[in-house]
Structures are given as structure tokens and as C-alpha cells.
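Asks: As a plain string of letters, each chain reads:
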Amino acid sequence: MIEVNNLVKNYGKYQAVKDISFKVEDGEILGFLGPNGAGKSTTMNIITGYISATSGTVTIDGHDILKDPKEAKKRIGYLPEIPPVYMDMTVTEYLKFVAELNGVKKHEIKPMLDDIMDKIKITHVSGKLIKNLSKGYRQRVGLAQALVGYPDVLILDEPSVGLDPKQIIEIRDVIKELGKSHTIILSSHILSEVSAICTRVMIINKGKIVAVDTPERLSDRLSGDRYKIRIKGDKEAIVAAFKSSDLITETEVLDDVEEGAADIIICGKEGTDPRETAFNIAKDKGFVILLVKSEKLSLEEVFLKVTEDAENGVSYEETAPEEAAEAEEAENK
Amino acid sequence: MSAIFKREMKMYFSSMIGYVFIAFFVLVTAIYFSLLNILSLSPQFEYVFSSVIMMFLILAPILTMRLLSEETKQKTDQLLLTSPVSVTGIVLGKFFAASAVFLIALLITAIFPIILSVYGTIATAQIIGSYVGFFLLGNCFIAVGLWISSMTDNQIVSAVATFVAVFLLLMVETIVSSASGNLTFSLMFAVVVALLIALYFYNNTKDKGISACIFVVEAAILAVLYFKKPGVFYGLAGNFAYMFAVLTRYNNFAMGIFDIGSVVYFISFICVFLYFTVRVIEKRRWA
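Protein chains in written order, with our numbering: chain E, 1 to 333; chain W, 1 to 287.
Okay, chain W solo, but in the shape it has when bound:
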């Protein structure tokens, strides 16, 4: 794992990617810092982070797009997978490298609250909370990006898909709050999930008949529920989607609330996506 971590770190800083990432992140943070703190004479640094969050749309793909896709493309995964290193070790090494570059960029921006503290009083707890939350949030996006990168051998596909995924994660709350009470929406959501289950089954068994049967059974159950007990559908889509509302969790930190539940949530979110990544690589070997 450490060999992979070291190589990835070297790659970030021997190519442009590491510098571009850090420069871009610090620049954007600096712009918001000037606008929201210096020019508007406000000591509330956590607003800066809340504004920078949108930048993850670009930052996450930059960090993760080539991590695993490039290995598949250059066939260097043959070296990694035939070495005495576990797949988990490979994935963790890559994840920690991306995470470390993010941490470096984040530490550089610490200079801004320090500047603020020289000229006035700052809400230390809120700022530290923001940093912890922001770091965890960033790692969630990195884990998602890494997972996407493991599924393709094309960097561009990986980057665009990561962009879309981060966008959806950021928008979940907005979508949920406006549509969760709607019965038709929930039903449609349930049908899509049923379809996905059938497709997943088809992908694994390549048996059209059984997959079709499964979908028909699922549709029948949904129909019965819809006419007999429509109450089940209320909030169904909303509750499911809420599981991915990373932004809501982050807002707790920004308010200076150090919520252990949110920390656990973030860490489990990261672990789940890293586990998915390991599964994708393992599955390719069995295919």
C-alpha cells in the first residue's frame, strides 16, 4: 500500500495535476476570501467554504480521473494485480494519495483564517469544524471519483461521470425537498429501482427470461401496494435520496456542531465507495 501511495504522490507532483489542483483550489478560496471576508469586512470564514463547495464539481474529477482508469488502459494493472499486494491495498494507496493532495491544498488555505485572527476575533470552533467537515466531504467525492475511475479505462469518461455524480450529490437535497411529497414521483422512483434490480440480475446471469420474470413480480408487488396501501410510497424516494445528502451533513460542521453521527456517516460513505471500487476490480478478474 505504501509503495502505491508513494508512487501516486510522485505522479501528482511530477505531472501538472497536483500543482494545478492546489493552485486552482487556493485561488478560488482566495477569491471568495477577498470577496466575503476582506471586502465585506466579515470575520465569518465558514461562508468561504460553503461557496467553494461547488468547485468540487471540477476538483474531484481532476484528482481521481486517471487513478485507476489509466492503469487499465496502460495494462499496468497486470503488474499491480500480480504483485503480492491486495486489491484493498491498491485502492487504499490510491485513495490516500488523492486525499493527501487535497489535505495539502486545504492546509495552505489555513493561512486565511490566521490572517483574520490577527485583525479581529474569529469563531475558532466553527472554523475548525468547517475544516474537518470540508475535508471529510472532499474525501467522499474522492471516493466516488475513484469508484467511477475503476469502471472505465477512459479518463475523459471518468472525469465527466465524476462531474455528474458530484453534481447529483450536491443537488440531492434540492431535488428531495421539492419532490418527496409527490406520490407519482415516488412511484416512478420505485419502478426505476425495480427496473435496476432486474437489469443488475440480467447483467450477472445473462438470462433474459428470469430477469423479465423478476421485473414482472416486482411490478406486481408495486401495483398491489399502490392500490391497497399508497401510504408506503410517501417519502420513499425522499428517504432513500436523503441517504446521499452529504451537503446536509456538512452544514452541521459549518455551524460549529461537532456531530459524531455525521463523522460516522462520512466515514461509512467513504468506506462503502472504496468497497465498491475493490469489488469492481475483483469482478473484472472473475469475468
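Looking at chain E on its own, in the form it has when it is part of the complex:
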């Protein structure tokens, strides 16, 4: 379990991390999202003990990274932004060095490295010098390095950078697989990756947490009840009918897809179901509804909305546990 409390990091007068607190439970995969310079890497560097925080604490399974660094660092595998590989070593030599650095017992090293290289699929390059490997393979060696010693916690800073699409999918599967037995924090620019892998997403902007939740709920909460509907009939009459209704707060006209039908996006007033409203309007005016589809914000849009809102002073705190349970219950119904 990772616990981060009131983390602050100042570089001179510039505050890179502003009072961040969060918890990652065992077996969770937490995704860090944020624009460049948001403080993702700084936070990760502090958690792993590479740099020290100005104030605040980090504990890994109850071991403080500053007071008990040896025990805490033993439990962490870290893949930094640039894989920390020695160009003039072969892959095996390098991983062996990392194993010795982590104090792995001599007779355990070989089976451990074989297992890890097999998992990450780098066995066939094990004898090559790292300087002769492509960026994708260096990245994989970096990931393999993080796994040496089988740490409970993995911190991965943009693990899929520099990989080709096929490798990205492979690495994702590897990370998902690892997520079953590890606690993972990963940062990424690629939002689809985060929503595919992570159980929870944390969006950071300018050194502050602006939103924390599961990818689905984050998208739900921000998009509200938005529906795309397709209605047969005269476009102007339809739009006018929806705009004049009190129960519809937002009407957005889309480009026509089907001949003789209008596509619009509607948002309902709180406490009402816009689908019902749409049905009633259609019934009154004699329109025919062809399609009703829930229109959720993609994580990209959520990300943009949240970072923009954060700049305007709106914040999205994590839903309280009871509230979250209620929401889940409602969803199940």
C-alpha cells in the first residue's frame, strides 16, 4: 500500500507539487494523468526516494521512504521516464547487476531473470549490448529492471513511450497481468491506455490533484445525462420544440446523417430523464424518434474539461464512499 500525505516540492520559488495526498490500496492500478510539467514525474521521483520532498511523507507498506529508505526501496520497482540502463552492458549483465543491487540471493538470480525476461519477451536479446537495442527494447529492459527482486509496488513513468502499436498492446497486457499481484502507479499521456489499464485515474494539473475516480465514473460525472437523439421530421421545428422545453437545459444540433432526420444532443434538467422528456415532446408534436444513445465524454474530453476547470477554480473531489456505493447501486438497477 502506498500512502502519500501532504506532499510539497519547491524548486526555489517555483512550486512543482502543491500539497498532494492520496492512497493506493494493494492490487490497485492508479493512473497519473496530466499535461507536461504537471508534476507527475516529480511526484513519482519523490515516492521512489530519488528526490526528497520539501514537506510531506510517503510510506510504502508502512515504511517511510525517508526514515526507513532501505526497506521502502526494496518494495519498489521503478521505471523512470528515461530507462536507467547502462549502454555498455549486455541485457543479462545489466539485469544481474540490478539483482545484486537489490540484494537478491545468488542462487535466486538466474531463475528470477529467466522468468522476468520471459515475461517481458526480451530473452532473445539477452546477449546484446544495450546500446545496440532499439528504443522499444530499451524501454522493455527498463521495465524488466523494475521487476527484478519482485517488488510489491511498481512505479512506471510512461511505460509505453517509444513502443510500436503492437508492443504497446503487449506491454499493456503485461502491466494488467502484473496488476493482479502488484500495486501499480503509472503515468501516461495516452488516455485510452489509462482507461484500458487503470482501476483508478488521478488527474494532476500544475502540481495539484484536480480529479480522482475510476475512468468510467469520471466520464459519467462530468458528462451528466447527455443523449444523442435522431428524430424524423422538419429540423427547425424539432430544434425549436426542444429549445422551448423547460426540462431540457442544453440542445446541440449535429450534422445530418440520415435524410429527413435531425441529430441533436440534449441535456436534461437535474432529476429528470431527458429520454422521457424527448419521448413526450415527440408524442405531443408527432415526431418519430429513430435513435436514442447515451453520449459520454471520452477520457480525452474529460481531461481537457478538468484541466480547464481547474484553472477556473472548479474542483472535482473524489466522491465520498457512501455516495459512490449509491451510484454503483443505481447503475446496477
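These are calculated hints, taken from the structure and not from any lab test.
Among the hints, a few may not be true.
What the hints assert, rightly or not - Subject to a maximum C-alpha distance of 35 Å in a straight line, what follows is the list of computed DSBU-like cross-link-like pairs (lysine-lysine):
(1) E:K135 to W:K6
(2) E:K70 to W:K206
(3) E:K232 to E:K206
Once you have looked at the hints, place chain W on chain E.
Replies: Coordinates of chain W only, in the frame set by chain E:
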């Protein structure tokens, strides 16, 4: 620590550096051996070492220039510092590796006094003393080089700075003996030290006002002392600089005097610079 030591040793001998260092050292020693012992028919091997000492100007940078600077540059320090190894362990591992390569080179040169002993009588005590002193002296330069290497991420900067540092250490005695009695020189030295203290303070607090105040106070104290008690300044610079006169200490060994004080001096000199190295790395993490 042992993992780092092993890796560094492997690096010295999988790249050219280790071989170049050993070959260069043995070659230079061999040249002086031929000139000073064989050709001049003298059994006094300690002269060879006294002549080789100047070679530390090149030898120390070769050994230490990439030790820590390369880690910072390649970002591999992220691996080391996030591993369950202490900073002291990292620094010691690197220091012992460089020291071991130096020791290997030194042991190879032992063949020269052995050759001498076959053909005549040699002053064993003096030669062993020379070896011990030379090894300790070399380690002092390695420690200084390691410290310099920790402050930059550029190997060339590290090498040149180490060259200058070793040069100053070798020249300390000469400079001190010719200038220590001079009052103006001592005063200038005191002013420079005062300025350095103020700059150090500024570097740590980034507060111009307070740093300036500190310098003004220091200058005032110096001025008062200069006019009221100029005696304080006599030998001030000399005594300070003498603390770094490693060569003087070495000469004791070369004369066959096994002086415990000098051994302690060398070991503390090494420890101080290794401690500085640890502090530099730690400080970077806190910056």
C-alpha cells in the same frame, strides 16, 4: 556496495580505461626505472616514485572522470538512488574500484625492485614505505577526483578540474614556502576566504542582503585585526594551505619513516573527500 564495485571493475576492463591506465602507469615507471636505476647504476628505487608522482596529473583524471558524472548524464543515478543501497555504499563502491585498479598497476611495478634485489642490495624498508605512501597518496587524488566527478555531468569538465586540483595539491608546498611570510598575501587570502563564506551562504539561502551583510561584517573584523593585531595574519595562509600538502607527507614514507601520523592524515584526507562526495549527491536530491 559490492555490486557497484563489481560493475565498476568490469567497466574498467571491458572498456579501454583500465588497460590504458595500467599500461601508461607501468610504462612511465619503467622509463624512470631504466633511467634512474639501470642506466645510472643506482639501487635507489624510491627516486622512481618521486618522479612518477607528476603523472598523477593525468592518471587521476583517467580513473575518476566518468565515475559519477556519467551516472548523472545517463540518468542511471535514478537506478542507483532508488535501489536499497545507501549513498555512502555507492560512493565507497566506486572509490574502491578505482583504488583497486590503481593497486593492480602498482603491484605490477613491484617487479622493478625485485629485479634490483637480484643484482644487489636494496633498502627494503624504504621501498615498502614508498609503496605504502604512494598508494595512500594516489588514493587521496582518487578521492578528490571522485568528488569533482560528482559535481558535474560532463566527463571533460571533470577531467580538467581534477587535473587542476591535483596540480594545486602538488604545488601547495612550493607556493606556501615562497609566500607564507608575506603579510599582504595572507590578508588577501583571508579576504578570499571571507568572500567564499559569503558566497556559500548566498548559494544556500539565495538572499543577497544577508550575504552582503555577512561579507561586510567579516571585512570589518579583518580590518580591525589588520590594524590592531597584524600578527594574526602571519603564517595564516601558510598554515591553512599546509593542511593540503600531501606531498610533504609522502616524502616521509619515501625516506623510510613509517609515520603513523601521516597514515592517519592520508586516511582522514580520503574520508573527508568521500564525505564531501556523499554530501554533493545528497544535496542534489534535496535541491
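Asks: It remains to establish, for every hint, whether it holds in the given structure.
Replies: These are the hints, each one checked on the structure:
A hinted pair counts as satisfied when its Cα atoms are at most 35 Å apart, and K135 of chain E with K6 of chain W qualifies at roughly 27 Å. Restraint check for K70 of chain E and K206 of chain W: the C-alpha separation of about 33 Å stays at or below 35 Å, so the hint holds. Our distance criterion of 35 Å between C-alpha atoms is broken by K232 of chain E and K206 of chain E, whose separation comes to about 47 Å.
When each numbered hint is compared with the structure, a violation occurs for hint 3 only.
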